[in-house]
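Undergrad: Chains A and B, in that order, are what the protein sequence lines are.
Taking our numbering, I'd label the letters of the first sequence as residues 41 to 627.
Taking our numbering, I'd label the letters of the second sequence as residues 5 to 342.
Be aware that a few hints might be false.
[What the hints assert, rightly or not] Pairs of lysine to any residue, SDA-like flavour, derived with a Cα cap of 20 Å: (1) A:K439 <-> B:L326; (2) A:K403 <-> B:K339; (3) A:K53 <-> A:E422; (4) B:K339 <-> A:L45; (5) A:K148 <-> B:K339; (6) A:K47 <-> B:K339; (7) A:K49 <-> B:L326; (8) A:K439 <-> B:L330; (9) A:K439 <-> A:W476; (10) B:K339 <-> A:Q417; (11) A:K482 <-> A:N436.
I should point out that these hints are in silico values taken from the structure, not numbers from a laboratory.
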Amino acid sequence: MLFNLFKFKGGVKPPTNKTQSTTLPIAAAPLPSRLVVPLHQSIGGTPRPVVEAGDRVLKGQLIGQADGWISAAVHAPTSGTVVEVAMHVQPHPSGLDALCVVIAPDGKDEWIARTPLDYAALTPEAVREHLQQSGVVGLGGAVFPTHGKLTASKTVPMEELIINGAECEPFITCDDLLMRERAEEVVRGIGIFRDLLQPKKVLIGIEDNKPEAAAAMRAAVETLGEDFAVVQVPTLYPAGGAKQLIRVLTGKEVPASKRSTDLGVQCFNVATAYTAWRAIAHGEPVVSRLVTVTGNVHHPRNYEVLIGTPMDELLKLAQPHPDTDGIIMGGPMMGFLVPQASVPVVKATNCLIAHDDRLFPPKAPEMPCIRCGACAQACPHELQPFEMYWFSRAKNFGKTQEYAIFDCIECGCCSFVCPSRIPLVQYFRFAKSEIWAREREKNAADQAKSRFEFKQLREEREKAEKAEKLAKAAAAQAAKKAAEAAAAAAAEAQPAAGEAAPASQAVAAVDPEKAAKRATIEAAMARAKAQREAAQPKNTDHLTPGQQKEVAEIEARRSGSRIEDRGSSEPAPAEPAAPTSPLDPNN
Amino acid sequence: MLPPAPFLLKDTSVSQVMIQVCVALIPGIAAYAWLVGPAILAQLVIATLAALAAEAAMLSLRGKPLGLFLSDGSAIVTAWLIALTFPPLAPWWLVATGTVFAIVVAKHLYGGLGQNPFNPAMVAFAVCIVSFPALMSQWPSIGLELPFVDQVNIILGLAPRVDALTGATPLDALKTALKLGDGSIDVVRLLADQDVYGNFAGRGWEWVAAGYLLGGLWLWHRQLITWHIPVAFVGALVAISGALWLFNPAQFANPLFHLFSGGAMLGAFFIATDPVSGCTTPRGKLIFGAGAGLLAYIIRVFGGYPDGVAFAVLLMNLCAPLIDLLTQPPIFGMKDKA
Numbered sequence: 041m042l043f044n045l046f047k048f049k050g051g052v053k054p055p056t057n058k059t060q061s062t063t064l065p066i067a068a069a070p071l072p073s074r075l076v077v078p079l080h081q082s083i084g085g086t087p088r089p090v091v092e093a094g095d096r097v098l099k100g101q102l103i104g105q106a107d108g109w110i111s112a113a114v115h116a117p118t119s120g121t122v123v124e125v126a127m128h129v130q131p132h133p134s135g136l137d138a139l140c141v142v143i144a145p146d147g148k149d150e151w152i153a154r155t156p157l158d159y160a161a162l163t164p165e166a167v168r169e170h171l172q173q174s175g176v177v178g179l180g181g182a183v184f185p186t187h188g189k190l191t192a193s194k195t196v197p198m199e200e201l202i203i204n205g206a207e208c209e210p211f212i213t214c215d216d217l218l219m220r221e222r223a224e225e226v227v228r229g230i231g232i233f234r235d236l237l238q239p240k241k242v243l244i245g246i247e248d249n250k251p252e253a254a255a256a257m258r259a260a261v262e263t264l265g266e267d268f269a270v271v272q273v274p275t276l277y278p279a280g281g282a283k284q285l286i287r288v289l290t291g292k293e294v295p296a297s298k299r300s301t302d303l304g305v306q307c308f309n310v311a312t313a314y315t316a317w318r319a320i321a322h323g324e325p326v327v328s329r330l331v332t333v334t335g336n337v338h339h340p341r342n343y344e345v346l347i348g349t350p351m352d353e354l355l356k357l358a359q360p361h362p363d364t365d366g367i368i369m370g371g372p373m374m375g376f377l378v379p380q381a382s383v384p385v386v387k388a389t390n391c392l393i394a395h396d397d398r399l400f401p402p403k404a405p406e407m408p409c410i411r412c413g414a415c416a417q418a419c420p421h422e423l424q425p426f427e428m429y430w431f432s433r434a435k436n437f438g439k440t441q442e443y444a445i446f447d448c449i450e451c452g453c454c455s456f457v458c459p460s461r462i463p464l465v466q467y468f469r470f471a472k473s474e475i476w477a478r479e480r481e482k483n484a485a486d487q488a489k490s491r492f493e494f495k496q497l498r499e500e501r502e503k504a505e506k507a508e509k510l511a512k513a514a515a516a517q518a519a520k521k522a523a524e525a526a527a528a529a530a531a532e533a534q535p536a537a538g539e540a541a542p543a544s545q546a547v548a549a550v551d552p553e554k555a556a557k558r559a560t561i562e563a564a565m566a567r568a569k570a571q572r573e574a575a576q577p578k579n580t581d582h583l584t585p586g587q588q589k590e591v592a593e594i595e596a597r598r599s600g601s602r603i604e605d606r607g608s609s610e611p612a613p614a615e616p617a618a619p620t621s622p623l624d625p626n627n
Numbered sequence: 005m006l007p008p009a010p011f012l013l014k015d016t017s018v019s020q021v022m023i024q025v026c027v028a029l030i031p032g033i034a035a036y037a038w039l040v041g042p043a044i045l046a047q048l049v050i051a052t053l054a055a056l057a058a059e060a061a062m063l064s065l066r067g068k069p070l071g072l073f074l075s076d077g078s079a080i081v082t083a084w085l086i087a088l089t090f091p092p093l094a095p096w097w098l099v100a101t102g103t104v105f106a107i108v109v110a111k112h113l114y115g116g117l118g119q120n121p122f123n124p125a126m127v128a129f130a131v132c133i134v135s136f137p138a139l140m141s142q143w144p145s146i147g148l149e150l151p152f153v154d155q156v157n158i159i160l161g162l163a164p165r166v167d168a169l170t171g172a173t174p175l176d177a178l179k180t181a182l183k184l185g186d187g188s189i190d191v192v193r194l195l196a197d198q199d200v201y202g203n204f205a206g207r208g209w210e211w212v213a214a215g216y217l218l219g220g221l222w223l224w225h226r227q228l229i230t231w232h233i234p235v236a237f238v239g240a241l242v243a244i245s246g247a248l249w250l251f252n253p254a255q256f257a258n259p260l261f262h263l264f265s266g267g268a269m270l271g272a273f274f275i276a277t278d279p280v281s282g283c284t285t286p287r288g289k290l291i292f293g294a295g296a297g298l299l300a301y302i303i304r305v306f307g308g309y310p311d312g313v314a315f316a317v318l319l320m321n322l323c324a325p326l327i328d329l330l331t332q333p334p335i336f337g338m339k340d341k342a
């Protein structure tokens with residue numbers, strides 16, 4: 041089929057290193073000694089634990105209840121006993137702890153009762169709900185809850201549904217093997233997404249270094265009688281980034297300030313489609329995933345791995361060479377060295393690479409930037425990395441935002457080509473986190489200020505109320521006196537005509553005082569409000585309205601995904617903005 | 005702190021970039037040594053030694069690691085460009101002074117590698133042509149039959165400088181003759197003088213310029229430079245020289261002559277393309293290159309100096325930050341709004 045492809049600017053061609061792990065079929069990893077299942081495995085709210093130490097759980101049993109709409113449930117990966125619900129180190133560069141359910145497997149691998157669903161008979165809401173309850177999240181690496189992406193924009197018609205099988209990062213082959221071996225279920229999963237989103241076209245993008253996968257997908261599409269187009273795209277990192285793949289297949293460019301649905305396009309990973317199908321048609325929640333184990337090992341291979349499997353146990357299956365000195369989770373372009381070898385495999389773990397100095401030679405010392413512009417030519421988002429680098433280094437963060445630092449997807453192309461060996465992406469992460477930190481500080485300061493102002497206001501009000509009370513008491517006294525006088529007068533046989541008058545006089549005497557107080561309070565509130573509004577962040581001066589909007593939207597999204605979206609090893613797909621919810625593992 | 009991604013890096017380094025620039029200069033240098041005289045080789049050595057010495061001194065004063073920065077090759081590129089733009093029989097101290105000034109003042113006092121707002125080699129040229137105009141204008145006459153040892157002796161001051169050995173550059177000769185002729189001599193007849201002029205520009209020099217062109221194309225092929233600056237430089241030079249030549253062929257030399265004379269080719273491919281002091285955005289590079297080409301022509305034809313490339317590049321260096329600021333390209337997804 042002739043298909044008109046577009047190009048994205050930039051990109052690099054690192055050695056792909058994929059063939060090592062594609063010679064053997066997918067193998068099921070054996071049950072590990074214990075499973076450490078983090079509750080927070082997707083972007084969004086941290087699921088609440090619903091089991092306690094000592095509970096017996098079955099495979100697929102809910103152990104973490106989704107917290108809010110942008111959150112996904114977590115399940116026991118096998119049957120066994122809950123040992124503890126406690127803090128453990130996460131597979132994240134920060135090395136921070138987060139709440140995990142630790143399960144001792146009983147070896148029976150006994151499923152809960154699985155009920156297949158006929159999704160055609162369900163309402164779209166029910167399908168989305170079921171996907172959330174089954175813990176289906178984006179398995180390309182960004183782990184955004186899938187159900188949250190299955191609502192089309194109300195105003196823009198859904199034109200293209202993009203299925204991402206590009207898998208552009210070197211070494212990773214789990215999507216390749218999935219498509220080769222389980223293409224039919226992937227295509228059925230895509231069918232669910234298609235039915236929910238009702239796009240005009242479905243395009244499955246696969247890099248042209250995976251001809252077997254593309255052939256298998258074509259065959260499956262044909263077998264199932266679907267009209268999905270399987271398109272082979274040129275192998276060029278990061279063609280598997282959602283925005284790059286959307287660009288290549290549709291010509292549309294999704295800026296950081298927009299959701300892809302605003303442009304009538306949505307993108308899912310092939311593995312996500314597969315798990316969606318398993319969840320609907322087999323009633324199996326996401327308790328395992330395919331992981332490529334490769335790098336400095338004797339037998340690189342793809343394994344079906346239970347979520348929560350300690351990485352060192354998994355790596356042992358592939359027999360790492362003795363000089364292995366670390367484990368990279370994800371690919372060599374966007375992955376990270378895990379802080380401990382025993383951290384668990386999570387839904388975002390698509391690849392483990394045994395690290396050694398032969399495969400990944402230590403970096404040469406950093407030299408000054410010579411402005412050669414290689415980074416700008418390599419940047420798929422057409423940014424000027426060397427300019428952002430100058431300003432990040434100088435901590436001039438306002439300028440980095442003017443150069444659109446939040447459009448950076450941290451794909452690493454700039455660092456890859458830099459002749460001065462400057463870790464550019466590292467500088468950009470630093471700048472971004474500093475900007476967020478400053479925003480948080482500013483918000484905290486604003487809150488403290490408004491608390492203080494409220495206290496002042498309250499004190500003033502209390503004073504006013506006290507004065508009012510006194511005035512009232514005085515008035516009552518006066519009224520009483522007047523009444524007494526009136527009574528006395530009445531006693532002197534003058535009818536009660538004047539009785540009400542002194543009381544109303546007294547009230548009138550209080551009223552002006554009250555009004556004055558209220559005016560003071562209102563003026564104070566207005567002043568406080570004006571001050572709050574005047575206190576804008578310094579580093580966002582002189583932004584164009586477009587940039588301001590962009591920054592605001594990104595802040596909103598980022599604050600909803602402080603830590604989780606950074607572990608992605610494929611460039612993060614364009615996710616809809618998540619509602620804010622504090623997601624620190626400690627929360 | 006664990007090392008961050010990416011863990012794979014392209015096999016490249018500043019030294020590799022600089023070495024390739026030096027390699028690209030070799031065809032021009034070979035033609036130079038063969039056709040004009042081997043004295044240039046001595047000058048290259050002098051300039052290189054002076055540059056490395058000045059670089060080492062400045063690095064140790066600034067407390068920078070010597071090995072790392074001396075091996076980056078940037079000082080050698082500066083030195084070679086200086087040697088190639090100075091008269092080949094100039095005394096050793098002139099080249100050394102220019103080189104030391106370039107490294108110490110134009111490079112390190114501004115912050116070293118990557119920080120210099122002006123092209124150091126062109127600063128050296130400008131400083132020396134202003135300070136030592138006579139020495140900077142003595143070029144060997146083509147076909148000078150003088151053994152290499154004698155040439156080196158002249159450079160080192162061990163043999164007397166014989167004025168007869170040196171003359172003007174083809175560009176300067178043309179300009180002087182036109183000025184003296186005051187309208188009575190035409191360019192066509194002047195260029196027919198086979199002692200000074202060759203097939204399409206200065207005798208011998210035209211092949212040196214062709215060598216630079218070859219090396220420059222290789223730099224472009226290696227993606228060390230983009231096409232923007234050389235094309236804009238050459239385009240602007242051809243446009244203005246062509247327009248004036250069509251207007252009056254008797255008073256103005258043809259574009260081909262200008263392209264292959266003086267520092268035009270060296271400037272277009274090796275000097276204006278210096279990324280540190282030049283523009284970095286695609287549109288900015290076009291403006292920068294065109295501006296340098298235009299100014300080079302105006303200075304060399306109407307100005308007081310034999311060639312205008314150095315001043316043209318320096319003037320454009322001044323404008324580069326502003327041009328970059330005003331020519332920022334739109335980013336991914338924001339093109340329709342730009």
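Undergrad: Could you run down the list of hints and mark each one as holding or not?
TA: Tested hints:
Among the hinted pairs, K439 (chain A) with L326 (chain B) is consistent with the structure: their alpha-carbon atoms are about 15 Å apart, no more than 20 Å. A hinted pair counts as satisfied when its Cα atoms are at most 20 Å apart, and K403 (chain A) with K339 (chain B) does not qualify at roughly 36 Å. In summary, the hint linking K53 (chain A) to E422 (chain A) is supported, as the alpha carbons are separated by about 17 Å, within the 20 Å threshold. Restraint check for K339 (chain B) and L45 (chain A): satisfied, since their Cα atoms lie roughly 19 Å apart, inside the 20 Å limit.
With a CA separation close to 58 Å, the supplied pair K148 (chain A) and K339 (chain B) exceeds the 20 Å bound. Taken as a hint, the K47 (chain A) and K339 (chain B) pair is honoured in the structure, with Cα atoms around 15 Å apart against an allowance of 20 Å. Under the criterion of a C-alpha separation no larger than 20 Å, the hint pairing K49 (chain A) with L326 (chain B) is inconsistent with the structure, at around 25 Å. With a C-alpha separation of about 15 Å, the suggested pair K439 (chain A) and L330 (chain B) falls inside the 20 Å cut-off, and the hint holds.
Between K439 (chain A) and W476 (chain A), the direct Cα distance comes to roughly 15 Å. Compliance with the 20 Å bound is thereby established for this hinted pair. Simply put, K339 (chain B) and Q417 (chain A) have alpha-carbon atoms about 17 Å apart, close enough for the 20 Å limit, and the pair holds. This hinted pair checks out: K482 (chain A) and N436 (chain A) have alpha carbons roughly 17 Å apart, not beyond 20 Å.
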